[in-house]
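S.K.: Turn these sequences into a full structure, and let the hints guide you.
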Amino acid sequence: MPITIPKHEPIKKIYVEMVRQIVESEAKNDEDGVLFIDEAYALNKKDANVDFGIEAINTILKYMEDHRGEIMIIFAGYTKEMEKFIKINPGLTSRVPNKFVFEDYTPDEIVKIGLLGLHNASYKVDEAAYADLVKNNYSLTSDHSNGRWVRNLNEELIMVMSERVAHTQDADINRILQEDLDAVRAGNREGRTLKNAQYGSDKIVADENGYAVPPANS
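Numbering (my numbering), first residue to last: 333 to 550.
Hints were generated in silico from the structure; no laboratory data involved.
Treat each hint with caution, since some may be false.
[Stated by the list, open to error] Calculated cross-link-like contacts (lysine-lysine; reagent style DSS-like; alpha-carbon spacing at most 27 Å):
id : residue 1 : residue 2
1  : K456      : K412
2  : K419      : K444
3  : K444      : K456
4  : K416      : K444
5  : K456      : K431
6  : K431      : K416
7  : K412      : K394
8  : K394      : K444
9  : K431      : K412
10 : K419      : K431
11 : K467      : K456
[Claimed, not checked] For each label pair, taking beta carbons as the anchor points, the in silico distance ranges come out as:
id : residue 1 : residue 2 : range
12 : A503      : M404      : 49 to 59 Å
13 : E402      : S426      : 10 to 20 Å
14 : M404      : Q501      : 15 to 25 Å
15 : I418      : N478      : 33 to 43 Å
16 : V433      : Q510      : 51 to 61 Å
17 : L472      : A374      : 26 to 36 Å
C-beta atoms are modelled at their ideal positions from N, C-alpha and C, and glycine is treated no differently.
M.R.: Now the structure itself:
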C-alpha cells in the first residue's frame, strides 16, 4: 500500500500519519471481516516523542465506529496486561463489551503438547521421564505461556542433546537421554554450564535438517 504524506510536515506528524494509514489499510483489506490484533497491549507502549500506539488505537476505534456491523476486531493478549490495556481509552471499554478468558493448559496437557512436538520432529524420549521434567519445571516457573513455554523447553532440551551427541559420537542422534533431561531440569543450570564448557559447544556441527552430527576431527 502506498503511503501518501503531505510535504513539509513535521517528522512526528509524518510517523503518526503512517501509522494511521497502515491500520486503516489492514482493516480494509481483511477479506474475512475479522481483524485479529495479538499482544494488543503493546500498543500502549509510548515512545518518548511519538505515541504510535495511541494513534493506532484511536484509528482502530474510529474505524470500529464507522464500520459497525462490517468487521469484527479481536484484541488478544495475556489477561493482566489486557485488563490494563482496555482501560487506557474509554472508547475501548464501551466498544469491546465481550471478554473471553482462556484457562492455562494443565501440566498434563503441557506434557502432551511437548511430546507431540518432539515426536513430530522425529525425536525419541522416555515419556514418563519427560513428563516428570516438564511438570517439575512448569511448577517452578512464573512463565505460563503454555505452548510457547514447552516449545522453548524442547528447544533447550534438543540443544543439550545435540551438544552431547556431537562430542560423544553417539550413533543415535535423535534419542534424548536421561542425562539430557537432567541437564535442563530447573536447578541444574550450574551442572549444564560445566558440561558445556567441557564439551565446547562451539564445535557442534549440524546437518541440513538441523540435527547434530559428530565433528569429523572429534
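S.K.: Does each hint fit the structure? Answer for all of them.
M.R.: Results of checking the hints against the structure:
1. K456 with K412: Judged against 27 Å, a Cα distance of about 37 Å means the pair is violated.
2. K419 with K444: 36 Å, violated
3. K444 with K456: The given pair, whose Cα atoms are some 14 Å apart, holds under the 27 Å limit.
4. K416 with K444: Violated. K416 to K444 sits at ~32 Å, over the 27 Å cutoff.
5. K456 with K431: Distance of about 41 Å is beyond 27 Å: violated.
6. K431 with K416: Status holds; Cα separation ~13 Å.
7. K412 with K394: Given that 27 Å is the threshold and the Cα spacing comes to 25 Å, the pair holds.
8. K394 with K444: The hint is violated at about 43 Å.
9. K431 with K412: The given pair, whose Cα atoms are some 13 Å apart, holds under the 27 Å limit.
10. K419 with K431: 13 Å, holds
11. K467 with K456: 19 Å, holds
12. A503 with M404: 49 to 59 Å: Given about 54 Å between the Cβ atoms, the range holds.
13. E402 with S426: 10 to 20 Å: 18 Å, holds
14. M404 with Q501: 15 to 25 Å: Roughly 56 Å apart at Cβ, these two residues miss the hinted range, so it is violated.
15. I418 with N478: 33 to 43 Å: Given a distance of about 22 Å, which is not inside 33 to 43 Å, the answer is violated.
16. V433 with Q510: 51 to 61 Å: Since the Cβ atoms of V433 and Q510 sit about 38 Å apart, the hinted range of 51 to 61 Å is violated.
17. L472 with A374: 26 to 36 Å: 28 Å, holds
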